[in-house]
Amino acid sequence: MNRHLISHYLPGAIVVAAGLAIALVAGTYPLGSLLRPGPGFFPMVVAVLLALLGLGVLGEAFAARRAAAPPQQPFPWRAVLCTCAAVLAFAFSVERIGFIPAACLLIAITAFAEPQRSWPRLAIVALFIAVFGSIVFIWGLGLPLNTFGAS
Amino acid sequence: MDILHGIELGLHTALTWHALLYCLIGVSVGTFVGVLPGIGALAAISLALPLTYYLDPTDALIMLAGIFYGAQYGGSTASILLNLPGTATAAITCLDGYPLAQQGKAPLAIFVTAINSFVGSTFAIILVMGFAPLIAEFALKFGAADYFAVILLGLVAASTMTLGSPFKALGMVVFGLALGMVGTDVNTGQFRFTFGVFELADGFSIVALAMGLFGVAEIIANIGQPAGVMQAVGKIRFRDMLPTRKEWKVITWPTLRGSAIGSFVGALPGTGPGIASLMAYAVEKRISKHPETFGKGALEGISAPEAANNASVQAAFIPTLSLGIPGDAVVAVLMGAMILHGITPGPNLINEQPQMFWGLIMSFWVGNLLLLVLNIPLIGMWVKLLSVPYRMLYPCVLIFICLGVYSANNNVFDIFVVLGFGILGYLMRRTGFPATPVLLGFILGPLLEENFRRAMLLSKGDLMVFFESPISAVFMGLSLLFIASVFLPGLRARLSRRAPKASE
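In the order they appear, the protein sequences are chains A and B. Taking my numbering, the leading residue of the first sequence gets 4, the next gets one more, and so forth. Taking my numbering, the leading residue of the second sequence gets 6, the next gets one more, and so forth.
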């Protein structure tokens with residue numbers, strides 16, 4: 004099976020797999036009966052439906068196998084990875100080094116998702132965030148975060 | 006309570022200085038996010054939601070609703086000037102709006118869309134005032150089985166009235182139902198799908214889910230992409246905006262037809278402005294005497310869909326306020342906001358909280374008048390905003406998203422959740438799985454399950470109960486009809502041929 008075929012059928016296969024996985028977990032909860040449905044009853048119905056609809060998606064993919072695939076843009080690894088890294092860096096650092104340093108970290112990392120960067124412009128963004136974010140979220144809403152330093 | 010009394014009460018609420026202030030903030034923010042491509046009303050409402058915890062619930066709702074309908078006004082500006090929809094629902098406005106801008110008629114197009122938006126909203130608000138109380142009164146008679154059936158209808162309608170694959174849309178509703186089950190089972194206290202993660206005992210936070218699927222996914226899709234080319238407009242003078250008498254004539258009927266279509270589609274539970282504007286465009290093109298002008302700058306081509314999307318967002322409040330069933334994903338988040346504020350949307354709302362219900366509706370009038378001012382005399386300000394490189398906004402939005410989800414529980418865990426759903430949302434968007442049904446399923450899932458279990462207890466486990474009560478039988482029948490329409494290939498083929506461009 005070549006790469007194209009895999010990516011053609013993968014979405015449907017994942018939906019089916021998700022349905023089966025949910026069914027496996029739902030099976031460990033008491034099912035109950037129609038008269039008195041238990042906590043596992045509804046999840047089981049949902050899981051089976053999901054798996055069936057996944058089969059439908061697979062069927063559609065099969066029916067459209069000869070149709071010309073729409074031109075797909077290359078996967079934007081850079082955008083995805085930069086966004087992940089930026090958000091994770093913010094999440095791990097915000098309670099340790101404070102809001103403003105963590106925000107600067109996030110801004111700097113997302114900048115690498117763009118083909119070119121203008122650091123002065125990013126400095127303006129950082130300044131705006133530092134002032135606006137501190138006033139609204141920390142001072143106004145009283146989030147338990149510090150502008151600088153561990154909270 | 007009769008309507009006149011309600012109007013009076015509503016005006017008392019909506020015209021207090023704080024209600025006016027929050028209404029103004031709401032519609033301004035709405036126009037702002039509507040004008041800017043890449044941030045929609047949903048992300049804006051999810052962001053503003055934590056900010057409203059400290060407000061009076063009525064003011065909070067007035068502001069959040071203002072963001073919602075304000076965004077529909079702003080959305081067309083970017084469609085006309087950039088050929089890039091400011092909100093997903095304004096995609097159809099690009100088809101004729103951008104050609105108009107190329108012909109140097111951008112001011113006219115902007116003026117016309119503002120007027121269309123106003124007429125569409127007005128039309129639908131009147132319907133909300135007339136119908137929501139009636140439907141709510143009727144809904145007081147609903148039993149558990151009836152509620153189950155009407156929620157099911159909302160979910161089915163939302164997933165079958167989309168343009169993409171019905172299997173994918175239905176699959177995503179079911180996936181949303183599954184996400185809604187995570188947490189503690191209310192009836193038995195059993196932990197479900199928490200996998201020992203303590204933070205999941207209360208389930209996923211709706212803010213994290215919505216901001217991930219829509220906000221973060223949108224950022225991933227746009228970051229690092231080349232920016233659009235803006236059509237130069239120069240200075241917008243009021244004189245250039247005014248349509249001639251002939252142009253007024255051209256837009257009158259399409260606007261009214263668009264309003265009617267939008268109101269109808271919006272009032273159906275589960276179907277939103279995207280499908281409404283698409284249908285209005287298709288109808289207009291079909292009945293036009295000059296269908297060949299569509300796509301080349303026909304005024305009818307912007308009038309009908311713009312009226313329709315505004316009408317549909319206002320009409321979406323009919324099922325939300327009268328039945329507690331959101332008419333659209335954005336209203337679903339609004340409903341989440343009501344629940345967070347301790348208000349149960351549903352048929353009792355009008356009787357128990359009349360000042361909130363009527364205050365909200367009267368604030369729609371205030372908000373739409375404010376929007377008319379914001380979008381005609383002050384339009385130059387928004388146009389300038391578009392020339393700011395909006396990629397500077399992405400890091401800001403990302404930070405606000407992180408802070409917004411963090412503020413819900415003061416817990417970093419929700420930031421991981423929002424990132425996870427962001428990546429999932431982006432992958433879904435790439436593979437043609439719609440995200441809106443996930444959100445509807447997530448919000449309605451617990452209600453669906455609860456009513457199902459209650460109906461089963463009351464009927465002693467007889468599944469036929471859903472077809473025995475006349476109300477629920479009608480809703481079940483409609484659901485079956487929607488599902489059947491998906492599997493009648495001729496109908497769908499016709500629908501997709503008429504619709505030139507997918508919007509949601």
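Derived from the structure by calculation, the hints contain no laboratory data. Any given hint could turn out to be false.
[Stated by the list, open to error] No farther apart than 25 Å at their CA atoms in a straight line, the calculated lysine to any residue pairs in the SDA-like style are these:
(1) Lys254(B) <-> Gln107(B)
(2) Lys465(B) <-> Pro33(A)
(3) Lys465(B) <-> Met47(A)
(4) Lys389(B) <-> Ser121(A)
(5) Lys465(B) <-> Glu117(A)
(6) Lys389(B) <-> Val51(A)
(7) Lys389(B) <-> Gly41(A)
(8) Lys465(B) <-> Gly35(A)
(9) Lys465(B) <-> Ser10(A)
(10) Lys146(B) <-> Ser464(B)
(11) Lys389(B) <-> Pro123(A)
(12) Lys389(B) <-> Lys146(B)
(13) Lys465(B) <-> Arg39(A)
(14) Lys389(B) <-> Cys85(A)
(15) Lys146(B) <-> Leu38(A)
(16) Lys389(B) <-> Val134(A)
(17) Lys465(B) <-> Arg120(A)
(18) Lys465(B) <-> Leu34(A)
(19) Lys389(B) <-> Ser36(A)
(20) Lys389(B) <-> Phe131(A)
(21) Lys389(B) <-> Ile141(A)
(22) Lys301(B) <-> Ile381(B)
(23) Lys465(B) <-> Gly41(A)
(24) Lys389(B) <-> Ile127(A)
(25) Lys389(B) <-> Ala67(A)
(26) Lys146(B) <-> Phe37(B)
(27) Lys251(B) <-> Gly229(B)
(28) Lys465(B) <-> Val48(A)
(29) Lys389(B) <-> Leu34(A)
(30) Lys389(B) <-> Arg39(A)
(31) Lys389(B) <-> Gly35(A)
(32) Lys389(B) <-> Trp122(A)
(33) Lys301(B) <-> Asn353(B)
(34) Lys465(B) <-> Val134(A)
(35) Lys465(B) <-> Pro123(A)
Now the hints, each set against the structure:
no.	hint	result
1	Lys254(B) <-> Gln107(B)	holds (23 Å)
2	Lys465(B) <-> Pro33(A)	holds (19 Å)
3	Lys465(B) <-> Met47(A)	holds (20 Å)
4	Lys389(B) <-> Ser121(A)	holds (21 Å)
5	Lys465(B) <-> Glu117(A)	violated (61 Å)
6	Lys389(B) <-> Val51(A)	violated (52 Å)
7	Lys389(B) <-> Gly41(A)	violated (58 Å)
8	Lys465(B) <-> Gly35(A)	holds (13 Å)
9	Lys465(B) <-> Ser10(A)	violated (47 Å)
10	Lys146(B) <-> Ser464(B)	holds (17 Å)
11	Lys389(B) <-> Pro123(A)	holds (21 Å)
12	Lys389(B) <-> Lys146(B)	violated (53 Å)
13	Lys465(B) <-> Arg39(A)	holds (8 Å)
14	Lys389(B) <-> Cys85(A)	violated (29 Å)
15	Lys146(B) <-> Leu38(A)	holds (24 Å)
16	Lys389(B) <-> Val134(A)	holds (23 Å)
17	Lys465(B) <-> Arg120(A)	violated (66 Å)
18	Lys465(B) <-> Leu34(A)	holds (16 Å)
19	Lys389(B) <-> Ser36(A)	violated (62 Å)
20	Lys389(B) <-> Phe131(A)	holds (19 Å)
21	Lys389(B) <-> Ile141(A)	violated (31 Å)
22	Lys301(B) <-> Ile381(B)	holds (24 Å)
23	Lys465(B) <-> Gly41(A)	holds (14 Å)
24	Lys389(B) <-> Ile127(A)	holds (18 Å)
25	Lys389(B) <-> Ala67(A)	violated (45 Å)
26	Lys146(B) <-> Phe37(B)	violated (42 Å)
27	Lys251(B) <-> Gly229(B)	violated (44 Å)
28	Lys465(B) <-> Val48(A)	holds (19 Å)
29	Lys389(B) <-> Leu34(A)	violated (59 Å)
30	Lys389(B) <-> Arg39(A)	violated (61 Å)
31	Lys389(B) <-> Gly35(A)	violated (61 Å)
32	Lys389(B) <-> Trp122(A)	holds (23 Å)
33	Lys301(B) <-> Asn353(B)	violated (49 Å)
34	Lys465(B) <-> Val134(A)	violated (61 Å)
35	Lys465(B) <-> Pro123(A)	violated (70 Å)
Consistency with the previously given hints fails for numbers 5, 6, 7, 9, 12, 14, 17, 19, 21, 25, 26, 27, 29, 30, 31, 33, 34 and 35, ordered from lowest to highest.
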